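Protein chains: 2
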Amino acid sequence: MNLELAKKPMAGKKPMVSKTQESRAPLRLTRVVIENVRPEVDCGQFAIKRVVGEQVEVTADIHADGHDVVFAVLRYRSPSQAEWQEIKMESLVNDSWKAAFPVSEQGRYLYTVTAWTDRFASWHRDLGKKFSAGQDIALDILVGKDLITQAAGRASGPDAKRLLSWAEELAMSGEKEPRLGVEAAENPELIQLMQSHADRSNASTYPRELAVTVDREKARFSAWYEIFPRSCGPNGGVHGTFRDCESKLPYIAEMGFDVLYLPPIHPIGVTNRKGKNNSEVCSKDDVGSPWAIGSHEGGHDAIHPQLGTLADFKRLRSKAEQLGLEMALDLAFQCTPDHPYVKEHKNWFRVLPDGSVQYAENPPKKYQDIYPLDFETQSVNELFEELKRVTLYWIEQGIRIFRVDNPHTKPYQFWEWLIAEIKSQYPDVLFLSEAFTRPKVMYRLAKLGFTQSYTYFAWRNTKYELTEYFTELTRTPVREYFRPNLWPNTPDILTEFLQFGERPAFMIRFVLAATLGASYGIYGPAFELCENRALRAGSEEYLDSEKYQLRQWNTADARSLKDLIARVNRIRKENLALQSDWSLQFHPNDNEQLLVYSKTSPDFSSVIVVVVNLDRYYTQSGWVDLRLDALGLDPAQPYQMHDLLDDSRYLWHGAHNYVKLDPHTMPAHIFRVRRRVRTERDFDYFL
Amino acid sequence: MNLELAKKPMAGKKPMVSKTQESRAPLRLTRVVIENVRPEVDCGQFAIKRVVGEQVEVTADIHADGHDVVFAVLRYRSPSQAEWQEIKMESLVNDSWKAAFPVSEQGRYLYTVTAWTDRFASWHRDLGKKFSAGQDIALDILVGKDLITQAAGRASGPDAKRLLSWAEELAMSGEKEPRLGVEAAENPELIQLMQSHADRSNASTYPRELAVTVDREKARFSAWYEIFPRSCGPNGGVHGTFRDCESKLPYIAEMGFDVLYLPPIHPIGVTNRKGKNNSEVCSKDDVGSPWAIGSHEGGHDAIHPQLGTLADFKRLRSKAEQLGLEMALDLAFQCTPDHPYVKEHKNWFRVLPDGSVQYAENPPKKYQDIYPLDFETQSVNELFEELKRVTLYWIEQGIRIFRVDNPHTKPYQFWEWLIAEIKSQYPDVLFLSEAFTRPKVMYRLAKLGFTQSYTYFAWRNTKYELTEYFTELTRTPVREYFRPNLWPNTPDILTEFLQFGERPAFMIRFVLAATLGASYGIYGPAFELCENRALRAGSEEYLDSEKYQLRQWNTADARSLKDLIARVNRIRKENLALQSDWSLQFHPNDNEQLLVYSKTSPDFSSVIVVVVNLDRYYTQSGWVDLRLDALGLDPAQPYQMHDLLDDSRYLWHGAHNYVKLDPHTMPAHIFRVRRRVRTERDFDYFL
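Quick mapping for you: the protein sequence lines, in order, are chains A and B.
Going by the numbering used here, the residue at position 110 of the first sequence is 110; the numbering climbs one at a time, nothing skipped.
Going by the numbering used here, the residue at position 157 of the second sequence is 157; the numbering climbs one at a time, nothing skipped.
Next comes chain A alone, as it looks inside the complex (with noise of 0.2 Å):
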């Protein structure tokens, strides 16, 4: 008697036979199919992402054969925990069952469901109609004696005697008068206990355990700051320092950043050393490009002589910390050919015919500043625990956060293992992922681990681009593992909305970032003092490239953006709608230059509008359809819209309603949703 299932293939499917049962044992019959389980990333090879204090809400299709009552649980397992805690899930409609689970610690956790179909509640419900339609439940009474007494055998202690009275209890009355007995098999008491002692020798477990990282709030809410430290030298000229940093800290706290992050602050390599402007002709006082790291000064784990020392970078870590600034370095994992890895393991490059180590190429490109690590090296292993040391070692020196630099460039293997081996002993480190590449390669390493991810915004500029793009990163499971970090310029970018729209265009694109996402950065000063001079026509590389040279900053401009960045991350931090990206919903409106899109708090306690002007040169005004219901507005009430950019406020009634923004003013409305306005109701004589 064969009772499997023909093989099957795929991995994980247990067999019908237990293998501990022998082959004439009964096979364990389940009766519940668990399918469609949501979240759910590539059939659970991923976790999804959460912060400390949301909730995880899992759906999943639940049901059975015949009309027995089932009963399905969501179980989960926090990372400090042995134990699966077991949450009651609900049904809905369409075989669909709900319920979520608190994520309150960071780490990983885990979650599943089980489900079973229950005989005494089916007993219950069917004994209640058998009644009402005046049937003979004599026998139905017994039935349901047994059920309770065999439930007092899967308990014990006080809950076993007190069903044991209960089923005695049940006969008894039914004997007396059927009505009795019905009133007895209601009683909480007893449903209560038959719930706790249910009878689950039919359940199904869902075959996948899933997961879910956990991180610290700023995982889904930060605003960062890029600066190049060496530039912060009191006059031109003059390399800068840790020490001389540490003035600019106040300038960058006051706009109200809680990221700093510096680009790499490492020896930086010295043949082959690219001049101002990517010039392959280097002068003696050019100071190279901090992502060609490596000389005789040190490889990943030095700091640059330049920029000061290990205490210096302490220091300097520390105060920016007292300023709410909390310090992100940079992961670039390259070397020039000075870096001492070159010498000490020239295994874990390519060593070409004629022994020389093969330099980066994109044919006919060449990069001979550069020699990349050959992870198809022999000494491979011997590379990954290299790395994860380098890692460790920025860590021990206080560091939380890494934004790593063209990440899609090494194995997805080695970033999935090294953000593992990290997370597993540091739960609370951060890494950005660089990717700017095709779309499955940046969701693929949001998937294996980047905790948050650089995005295609700095080139989505018409109402189209960003209504499409970011109803895909905020409403489709791509936002179960893929964090949106959003940066309107980087060292790399400077993008043509930026180089031909003067101020205004920088505005523009300030508030989208910070609105749109929850998380976003700005490369500075050059952002705000609206640097948009680029290299050449059809380029995106600056002009004297901060990468390539030193530059000297006038922060005190007057065409500085800074307050109006000071007042956007001031919203951003009093209003919780701001602070998450999964409420975002666009709202239509008649005219392609002006965007308006919503963010809420679950509650509606906190309702954000914002409209933006996607026109960097003109007056433009329209009639918006504001989505009502999105914002819990009740249609029959006015609400007052509060703009937070210049405390203006505004009546609204109704869905439709005008606006009108000009570019040289001020391109934005960040309204705050009042729903609340005062009436002659008011008054106390109306009470």
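Note that these hints are calculated values from the structure, not bench results.
Values in this document were obtained by computation on a predicted structure and should not be read as measured data.
Take the hints with a grain of salt, since some may be wrong.
The list treats identical chains as interchangeable, and a pair is accepted whether it falls inside one copy or across any two copies.
Stated by the list, open to error - Taking lysine to any residue pairs in the SDA-like style, the calculated list, with each CA pair at most 25 Å apart, reads:
no., residue 1, residue 2
1, Lys366, Arg179
2, Lys130, Gln368
3, Lys319, Arg243
4, Lys365, Glu177
5, Lys343, Gly298
6, Lys176, Glu189
7, Lys440, Arg38
With chain A fixed as given, assemble chain B onto it according to the hints.
Just chain B now, with coordinates in the frame of chain A:
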């Protein structure tokens, strides 16, 4: 040194370090990610479905870190071969890849995807770029020589020799002149050899092997006719036999059906037998319901004596087959109180505290003539095996199609096991699921193995309903596992549309069933004779239903639809487009009562456009907007619409065309589209 990923809960995930390797041996680095392989049902838990002669088109998202050239192959294995075959996949846009494999035999195929980065192909691509840019390629030629020499090491025999000589050839040519080196590298033989002996050491294979159930063609394309043999007697009131039934076969075959489905043919219970019109009172003459199976004369493997003997049954089967009618039997796994199982296997039923057997009920309704099998019995193994034995018994009598009664009232696990068991021995057996229940339950039964499924077609009447439902069935992943079989009526279902519509209603529903569905069926002769009397208002039961009594049908009645049915079945056979469902496309028009849709063969050699007037009372007309691209039509050329129902021909041009249908004449057009219309250019002197 721990290079394993942090423990993950998901099934089937391979550790990064193979267990056969020492922990210090190099880990096997994979470079390529393979994700989103489609089709795939529930993470590979279930097989997709195809019929012999079709293709399985497989897509996947495939990408690697960096810029190396990626190669991918679709791997598949047929039921009769141990060896895996490989087909090179083609890269489309956005990291999507595609390939297809043919399925030529019944049974279970497997498929998966393997991909790797190819150093030789990358080298080859870069060599050309560098040479074109006038760069020195001497060192590159040496790298290429090494790669070819390594490939020779992986090859053997003549290939190894050829590769070694190519390595020399490349080096010598390159030394002579770079251009000659590049030419050598581009030699097709070398490229072919290098592909055959590619270095797959970093290859990734998709973690799941996915399955295809390949059936014979009837699984996709079939026309069913359901008839009660006991009504085939020569006179009213006399119980018909299999012999009587033989005389009806030519009538059924002439209408063009190919499956003859008989309700259960087993002995009918006497205890609590239902009388005419489902009456609780049963007279001595009442014949009972064929679905009330089992009496002292036998159970599921016996034949109702009033129908004849096993020999009669086999003779009927054989006669039917000669006329192109394959016989389908009913698997209705339930018993009357008189079934032999009740005495011999009381433990297969639920026994109540008073020793009686639990009858079927849906409180407060009681079905005392039916004892459901209790799959939660301790003897579940025996029960499974017995039901398999019954199924095999009828297979041995030559039956290869089963219509399964109410599968949703027996455990999913049972059906998954039974169907797998049967099909592993008899891959030509087809199972039709009669589950009129909730959508996810119906889909699950299809996933777990049912070949075809009844649908909600009977209750989809309006343009919106039909468009939505058939788009879901034919244009979403549902189609990979759910094969619809459309029934406008069954002995249980006389829809309100038919009750109140007279003959035009039956014509409308017939044309819809036979053209929306490659598989469909009718319960006759009730259907073709337009029987529309319901038991009572609001009920879908037939008055004087054949489920409970004999009926005499006058199949010669002039109002019969038999000629229309014969014509439509002939059209189905002559037009490939109507023999499958996946090409179904709805076309807009301006009248809510007109439904316009098309089906095409993959190469557009067969193109059918159907127009149905959904209004059974009034003539409707309107303007159609054909989607010409879906029909392979040139918007600049006229085309002929040949109505295969009345042989009329219309000359159309472009998308916008007029139609008008009187339901009392003919409520539908079934157009064959002829793209080529003769013009003056067909005369000799134009050539």
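>> Output the indices of the hints that this structure fails to meet, ascending.
In response: none
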